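Enquirer: Chain A is fixed; fit chain B onto it per the hints.
These protein sequence lines are chains A and B, in that order. Start counting the first sequence at 18; every next residue gets the next number (this note's numbering). Start counting the second sequence at 3; every next residue gets the next number (this note's numbering).
Keep in mind that the hints were calculated from the coordinates and are not lab data. Keep in mind that this is a model prediction, so the values were computed, not measured. Positions of the beta carbon are idealized from the N, C-alpha and C atoms, including for glycine. Honestly, I wouldn't trust all of these hints.
Stated by the list, open to error - Label pairs and their calculated CB-CB ranges:
1) A/139 - B/109: 20 to 28 Å
2) B/36 - A/43: 43 to 51 Å
3) B/128 - A/144: 44 to 52 Å
4) B/69 - A/22: 34 to 42 Å
5) A/144 - B/106: 31 to 39 Å
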Amino acid sequence: MNGRMAVLAIVVGGGIGATLRYLLGLGLAPSTPPDFPWVTFMINMVGAFALGAVMTLLAAHRLPGPWGKPFLSTGLIGGFTTWSHFIVESDQLIGARRSGVGIIYLVLSIIVGVIAAALGARLAELRVGRPAGRSA
Amino acid sequence: MWVGIGVFLAGGLGALSRAGVDALVKPWWSRRVTGSSKAFPASTFLINVSGAFVLGIVTGYAVKHTAGGAQDFNAIVGVGFLGAYTTFSTEEWHTLGLLRKNASVEAFNMLGSLCASLVLAALGLWIGSLL
Chain A
18 MNGRMAVLAI VVGGGIGATL RYLLGLGLAP STPPDFPWVT FMINMVGAFA
68 LGAVMTLLAA HRLPGPWGKP FLSTGLIGGF TTWSHFIVES DQLIGARRSG
118 VGIIYLVLSI IVGVIAAALG ARLAELRVGR PAGRSA
Chain B
3 MWVGIGVFLA GGLGALSRAG VDALVKPWWS RRVTGSSKAF PASTFLINVS
53 GAFVLGIVTG YAVKHTAGGA QDFNAIVGVG FLGAYTTFST EEWHTLGLLR
103 KNASVEAFNM LGSLCASLVL AALGLWIGSL L
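Chain A extracted, bound-state conformation (with noise of 0.2 Å):
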């Protein structure tokens, strides 16, 4: 693939990611520490689960065009979802002598989140089928 197109391909991509997951903190009343931070959690889990999915698409063939990978996993998914924000958020609640909720918050999106992607990836292989060499 040319690789001018891929690069356009990332930067759109996540862009779109990342004014969608900006738009979501300002709609969903941004949580501001120490709420229990659900905006960057639903985001992450939707991320997890679509990245399983298209992970499992692309090894059997069946992402669209050679733009697919680019824009939808480096860009779209890789954009929209965000360990920067999860972590600075586990922090704060620590800070804030709320280290119950920023442990939950913690556990909670590796543990949810390594199963979302497991569910997307599961999802994917019902209607692909499984692929032969499948890595991660």
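Expert: Just chain B now, with coordinates in the frame of chain A:
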């Protein structure tokens, strides 16, 4: 409106920067290491830990400076660039893959990513509050 466009452009740049670091670190790592350490997702680790540190600084600054300029800076650089540069979904996808094949590398990756990110982001929050 302008902030929204800024978030869009910064998000695009953030995702592109992640792809750039990936393209540099992945081949370097697989040349450098052998055996089970090859499975360690070094580039995602580096991206997420460095992004958490810088977002700590940006957030620490924005918490202290409540004026519009600092909030717009936080939206564009923090929510836009750093949010898109770091990635939760890839981290979880690596975790799922490693759980299936290489549980010890997975435990090291997830615990290492969490601990390094939490400590550096806390340091960043403190640095940002001094600025």
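Enquirer: If a hint holds in the structure, say so; if it does not, say that too.
Expert: Hints and how they fare:
1. Between residue 139 of chain A and residue 109 of chain B the Cβ separation comes to about 23 Å, which falls inside the hinted range of 20 to 28 Å.
2. As the Cβ distance of residue 36 of chain B to residue 43 of chain A is approximately 48 Å, the hint placing it in 43 to 51 Å holds.
3. Restraint check, residue 128 of chain B to residue 144 of chain A: a C-beta distance of roughly 48 Å satisfies the suggested window 44 to 52 Å.
4. In this structure the supplied range 34 to 42 Å holds for residue 69 of chain B paired with residue 22 of chain A, their Cβ-Cβ distance being about 41 Å.
5. Against the hinted window of 31 to 39 Å, the Cβ-Cβ separation of residue 144 of chain A and residue 106 of chain B comes to about 33 Å, which satisfies the hint.
In summary, the structure agrees with every hint in the numbered list given earlier.
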